[in-house]
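First to last, the protein sequences are chains P and X.
The first sequence maps to residues 1 to 194 in my numbering.
The second sequence maps to residues 1 to 194 in my numbering.
To be clear, the hints were calculated from the coordinates, so they are not data collected in a lab.
Hints may contain errors.
For chains that are exact copies, the list does not tell them apart, and a pair is met inside one copy or across any two.
[Stated by the list, open to error] Lysine-lysine pairs mimicking BS3-like chemistry, simulated, CA-CA at most 25 Å apart: (1) K17 x K60; (2) K94 x K131; (3) K5 x K17; (4) K165 x K149; (5) K17 x K55.
Note that the structure is a prediction, hence the values are computed from the model and not measured.
Number of protein chains: 2
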Amino acid sequence: MKKTKKERQMALTASIKENPFVTDEELSANFGVSVQTIRLDRMELSIPELRERIKHVAVKTFEDEVKSLPIDEVIGEIIDIELDEKAISLFDVKPEHVFQRNQIARGHHLFAQANSLAVAVMNDELALTVKSELQFLRPVRAGQRVVAKAQVIDRNPEKNRAYVKVVSTVDQATVFIGTFEMYRMTEQSEGDGN
Amino acid sequence: MKKTKKERQMALTASIKENPFVTDEELSANFGVSVQTIRLDRMELSIPELRERIKHVAVKTFEDEVKSLPIDEVIGEIIDIELDEKAISLFDVKPEHVFQRNQIARGHHLFAQANSLAVAVMNDELALTVKSELQFLRPVRAGQRVVAKAQVIDRNPEKNRAYVKVVSTVDQATVFIGTFEMYRMTEQSEGDGN
DNA sequence: CTCATATTAGTACCAAGTGCTAATAGCGGG
DNA sequence: CCCGCTATTAGCACTTGGTACTAATATGAG
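Please model the complete structure; the sequences and the hints are all you need to start from.
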């Protein structure tokens with residue numbers, strides 16, 4: 001059971017990594033050594049105490065929240081908007097947006113930027129996408145900034161429709177084109193249950 | 001300065017919400033009351049102590065990590081796959097995926113599920129989306145489970161293309177149809193720099 | 001003035017530690 | 001067998017950021 005000190009420390013590191021919420025006491029029970037040994041191990045490995053570990057995780061989340069919350073509402077940052085006419089947004093491609101293998105941005109992020117811009121440009125915020133056609137013209141990589149320009153190109157008020165074209169560019173080069181047929185949900189018509 | 005108890009408690013709630021990492025001592029200094037008063041306030045408002053607050057945030061993040069990491073690789077859970085032929089994935093729509101106003105799932109989540117399934121079904125994992133056409137047929141709401149079925153409907157090996165059709169349903173009803181023209185990145189052709 | 005509510009103070013205690021000292025165990029050499 | 005060394009264990013004082021509880025003091029309303 002009790003292998004070497006090194007082995008225990010390996011296991012301990014793994015154990016804490018997997019579940020940072022474990023106390024020294026629990027660890028000491030798990031490894032069949034005294035609490036003091038665990039403490040010494042943590043010192044040698046410079047693993048902080050429970051509370052600091054938890055705090056660290058919490059701070060990380062807290063910072064993430066600020067950046068992931070707006071991301072969920074509108075993907076990218078809207079820098080210009082004329083309701084019912086046109087809008088522009090920026091989206092910085094980060095490592096988390098690309099395929100690990102080839103560093104190329106995953107399509108759905110470009111779509112998300114374009115689609116949420118199309119939603120935003122509609123005066124009526126209760127807008128849904130009905131149809132869309134997309135062209136992914138050039139690969140986009142981490143570190144690049146995508147500029148999406150949305151333009152309302154047609155309207156059909158009777159059918160509550162509007163047509164939006166979004167062109168996304170990186171350094172002037174067009175990387176993506178999407179056309180969106182949008183449905184406006186004006187006041188009434190909530191009776192689409194389920 | 002010292003307004004009523006109610007006002008202080010309001011401010012206190014806001015203060016903690018904004019920065020959960022604040023201690024009673026700091027709060028007591030901010031509000032010019034004793035630490036005990038802060039404690040009494042927390043009790044009345046049933047706001048837990050610092051450590052519990054931090055822990056709560058940390059646990060939340062920790063859980064998120066497990067669910068957001070795979071989400072970034074493949075959106076939804078693949079439950080069946082025949083490479084180069086077809087694949088099926090499930091995606092449970094959660095509150096974070098819908099518009100707050102009308103509880104309808106944002107289009108890019110449905111697209112992401114379909115698109116990443118289309119990528120996955122390609123034998124070559126280095127696949128990129130070139131074009132696509134989407135139809136959002138019925139709104140999807142939080143709590144519903146979307147079943148996406150992808151089928152490779154055509155291939156063009158010379159041009160390194162494949163065509164994938166994805167049909168997503170909720171309780172047998174079709175909610176989304178997408179066709180994807182995919183580009184296979186076989187070994188060579190890495191010279192598309194930037 | 002008196003009663004009630006609000007606030008402050010003070011004590012004992014807890015969890016999960018740090019820091020430090022000291023004792024003990026186990027083993028390899030010589 | 002004893003020496004030296006590392007590893008392990010024990011024990012105590014102290015720290016943070018609290019809880020739980022009791023008691024004293026303000027303060028304002030009737």
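Okay, the hints, checked on the actual structure:
In this assembly of identical chains, K17 and K60 lie within 25 Å of each other by CA distance both inside one copy and across copies; the values are 15 Å within and 16 Å between. Proximity of K94 to K131 under the C-alpha cut-off of 25 Å is restricted to the inter-copy arrangement: shortest distance 23 Å between copies versus 28 Å within a copy. In this assembly of identical chains, K5 and K17 lie within 25 Å of each other by CA distance solely inside one copy; the values are 18 Å within and 44 Å between copies. Taking the shortest alpha-carbon separations for K165 and K149, only the intra-copy value of 8 Å comes in at or below 25 Å, while the best inter-copy value is 28 Å.
Proximity of K17 to K55 under the C-alpha cut-off of 25 Å is found in both arrangements, the shortest distances being 14 Å within a copy and 16 Å between copies.
Checked against the numbered hints above, the structure breaks none of them.
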